[in-house]
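Q: Take these sequences, add in the hints, and give me the full structure.
The lines below spell out each chain.
Protein chains: 2
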Amino acid sequence: MLIVKKFGGTSVADKERIERVAGRCIEDYKNGNDVIVVLSAMGKYTDELIGMAKDINDKPPKRELDMLMTIGEQMSVSLMAMAMNKMGVPAVSLNAFQVSMHTTSAYGNARIKRIDTERIRRELDVRKIVIVTGFQGVNKYDDLTTLGRGGSDTTAVALAAAMHADACEIYTDVDGIYTADPRLVPTARKLKEITYDEMLDLATLGAGVLHNRSVELAKKYGVPLVVRSSMNDHEGTIVKEEVAVERMLISGVALDTDAVRIAVIGLRDVPGMAFKLFDILAKKNINVDVILQSIGRGGTKDISFTVNKNDMDEAVSAIEKNKTRLGYEELRKDDSIAKLSIVGAGLVSNPGCAARMFESLYNENVNINMISTSEVRVTVLINEKDGVRAMNAVHDAFNLDD
Amino acid sequence: MLIVKKFGGTSVADKERIERVAGRCIEDYKNGNDVIVVLSAMGKYTDELIGMAKDINDKPPKRELDMLMTIGEQMSVSLMAMAMNKMGVPAVSLNAFQVSMHTTSAYGNARIKRIDTERIRRELDVRKIVIVTGFQGVNKYDDLTTLGRGGSDTTAVALAAAMHADACEIYTDVDGIYTADPRLVPTARKLKEITYDEMLDLATLGAGVLHNRSVELAKKYGVPLVVRSSMNDHEGTIVKEEVAVERMLISGVALDTDAVRIAVIGLRDVPGMAFKLFDILAKKNINVDVILQSIGRGGTKDISFTVNKNDMDEAVSAIEKNKTRLGYEELRKDDSIAKLSIVGAGLVSNPGCAARMFESLYNENVNINMISTSEVRVTVLINEKDGVRAMNAVHDAFNLDD
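Chains as they are written, first to last, in this note's numbering: chain L, 93 to 494; chain W, 93 to 494.
No wet-lab data here; the hints were simulated from the structure. Watch out, some of these pointers could steer you wrong.
Note that the list lumps identical chains together, so a pair holds whenever it fits in one copy or between two copies.
[Claimed, not checked] In silico lysine-lysine, DSSO-like type, Cα no more than 30 Å apart, as pairs:
| id | residue 1 | residue 2 |
| --- | --- | --- |
| 1 | Lys178 | Lys151 |
| 2 | Lys146 | Lys477 |
| 3 | Lys232 | Lys178 |
| 4 | Lys284 | Lys393 |
| 5 | Lys178 | Lys154 |
| 6 | Lys282 | Lys413 |
| 7 | Lys151 | Lys122 |
| 8 | Lys220 | Lys151 |
| 9 | Lys232 | Lys205 |
| 10 | Lys136 | Lys107 |
| 11 | Lys146 | Lys178 |
| 12 | Lys413 | Lys151 |
| 13 | Lys122 | Lys178 |
| 14 | Lys154 | Lys376 |
| 15 | Lys368 | Lys311 |
| 16 | Lys401 | Lys375 |
A: Shown next, in the form of structure tokens:
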């Protein structure tokens with residue numbers, strides 16, 4: 093078997109944890125497997141590096157910031173190789189140049205284009221454990237790039253795809269994907285399996301153990317993912333294309349409290365208003381989520397939508413700048429809302445699910461502000477203060493603890 | 093003009109110093125010059141990295157240690173590029189891969205084989221300051237290497253040679269080469285010029301502002317070196333092939349207190365004993381310096397020599413292991429000695445110089461234990477306690493303060 097194992101910064105934060113991870117990889121190696129390890133920078137080291145940069149230049153050139161940040165993973169991979177060698181197992185660390193990991197040129201947010209597998213194969217052939225820097229790549233100018241959020245997961249999945257690995261294990265601080273966040277829903281249950289699509293919806297909805305970029309890549313190349321804990325030996329959750337038929341209708345409940353609602357009241361009721369409004373936001377690169385349009389009074393209409401908290405100020409000022417063009421009466425914002433979603437491949441063929449969700453919220457006296465659905469998802473907008481209570485109610489209603 | 097400027101770790105140890113160095117380079121740039129900057133790792137960062145490695149593996153694989161150590165310079169060059177950009181000047185940092193800096197494969201002690209100049213030229217052509225990682229290279233396996241002691245000086249000189257630079261400026265914490273260590277000899281005077289050969293002897297003899305590898309390289313390719321201080325604007329010392337004819341006989345006095353003397357007493361007086369003895373040390377990679385052979389009593393001979401303090405224990409134990417083979421009577425070691433040398437291109441044609449040195453020591457009542465000479469150098473072994481006094485006496489005898 094060829095196994096790709098990815099460990100995040102927390103898992104390699106100090107000597108003891110590096111040794112624990114080394115031991116874990118060596119176990120697989122000694123069982124006869126080929127092992128590729130992908131690592132993030134130790135602990136909060138990337139943040140420290142960014143701090144050093146900002147201290148010298150509050151707007152550092154992105155190319156130079158990537159040049160600086162990539163040393164973080166080079167540190168963790170070389171120390172890991174030393175730890176494994178100390179334990180008597182041959183290991184070699186490789187950075188983005190040595191792999192080579194080709195990416196687009198976008199510094200700070202590059203995409204992997206192609207991975208040369210020759211060097212890695214050569215090292216595996218002489219029975220070495222190969223330790224690769226996550227999060228980084230090299231662009232066509234021979235400059236170092238970083239992959240942005242969830243970058244090391246993406247590196248692991250891309251490597252697993254390029255090497256045709258038999259498994260890609262993502263080690264995190266939780267031991268798998270749960271039916272709901274176990275810190276908020278005590279009866280939450282760990283899933284044995286989940287589909288890529290469900291995982292994508294969960295990731296987007298704020299229950300993200302995995303970043304959606306890595307899940308999209310895994311889906312595209314059919315890479316079987318396993319999400320496991322670096323702290324224990326529990327089995328984890330498998331993410332794949334199809335899951336066993338006898339499984340439940342919905343796989344999880346997700347709560348996202350990072351959304352805010354913006355309502356544009358009293359827009360003229362003429363064609364093209366929605367286009368004009370969302371075009372303004374798109375040009376600012378602001379992602380709009382749940383959208384609701386309703387008829388207002390006296391030949392007007394209202395449009396409400398949610399955006400991420402971080403984008404609120406920019407969205408509001410962009411709309412206000414275009415007040416004359418849009419001709420609305422009032423702009424309202426509300427940051428005390430939460431998005432509650434159920435996700436499951438079975439939703440599409442079971443229209444009763446949405447009703448069951450609404451019923452459970454009604455029984456708990458939770459008011460629904462907006463509703464949005466996709467094939468594998470139903471999302472409602474509720475008050476933030478009702479969030480955890482609503483989440484538990486829905487979780488119970490679908491017997492997810494079972 | 094194309095200028096290569098090298099700054100050591102002390103010169104880039106913190107934000108303020110990085111900014112000072114940036115300002116200094118920008119001055120040359122704004123005067124119309126092409127500027128290449130070579131940097132070491134910040135302050136004691138390389139030592140910190142080695143400490144991290146040893147904590148995980150007391151004998152880390154050299155390949156992985158180099159992989160770890162090279163992040164030090166990558167940190168300083170990217171931060172320097174950010175500082176220059178902040179000051180409004182376009183700058184780009186390049187690591188060993190990006191340059192590319194080809195070396196032999198010897199991890200921890202690699203030699204530069206070849207430097208690709210294309211990328212650097214391209215960046216200079218668009219009027220960028222180019223900041224290159226010192227001390228590191230890439231070998232034929234595409235692995236990172238480090239150059240060992242004095243590595244960043246060597247990088248700077250090699251770059252100056254490859255780029256046919258008009259000047260190679262080495263910035264240190266002293267403002268040039270002195271006729272003697274100014275901390276020990278108050279009357280020491282800064283030299284305007286010195287030849288490569290004299291500099292080589294001074295470097296080897298423990299007065300080393302420059303590592304001899306970089307001086308050898310500069311001599312080989314005729315790179316004009318300037319040694320200057322990073323703390324002030326003083327003129328510094330030029331190191332080159334020939335210096336003005338009207339200069340003095342000797343250019344400097346050097347004191348080395350890092351040597352210890354080992355005496356092998358009562359060796360059989362048969363051919364091949366010296367070979368056997370020094371072959372044993374050569375096989376341990378121990379450098380032997382001043383050697384003296386004298387006739388002992390009763391058909392025996394004594395051989396004394398000096399080695400560096402760090403090599404003493406290994407040298408003694410290697411000789412003791414071969415006691416039967418060498419058949420000596422006694423092994424003595426003395427670590428309270430010092431090596432005092434005069435260096436000067438004029439020595440070869442002025443036999444009176446050695447005599448003048450010995451006379452000044454006699455007047456100061458300093459006992460000479462051993463003597464060794466080369467074309468541009470006279471070295472005597474004296475007691476360590478006499479070192480500074482003897483150095484001042486010799487400095488005065490040659491009127492070096494003049």
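Q: Which constraints among the numbered hints does this structure fail? Numbers only, ascending.
A: 2, 4, 6 and 15
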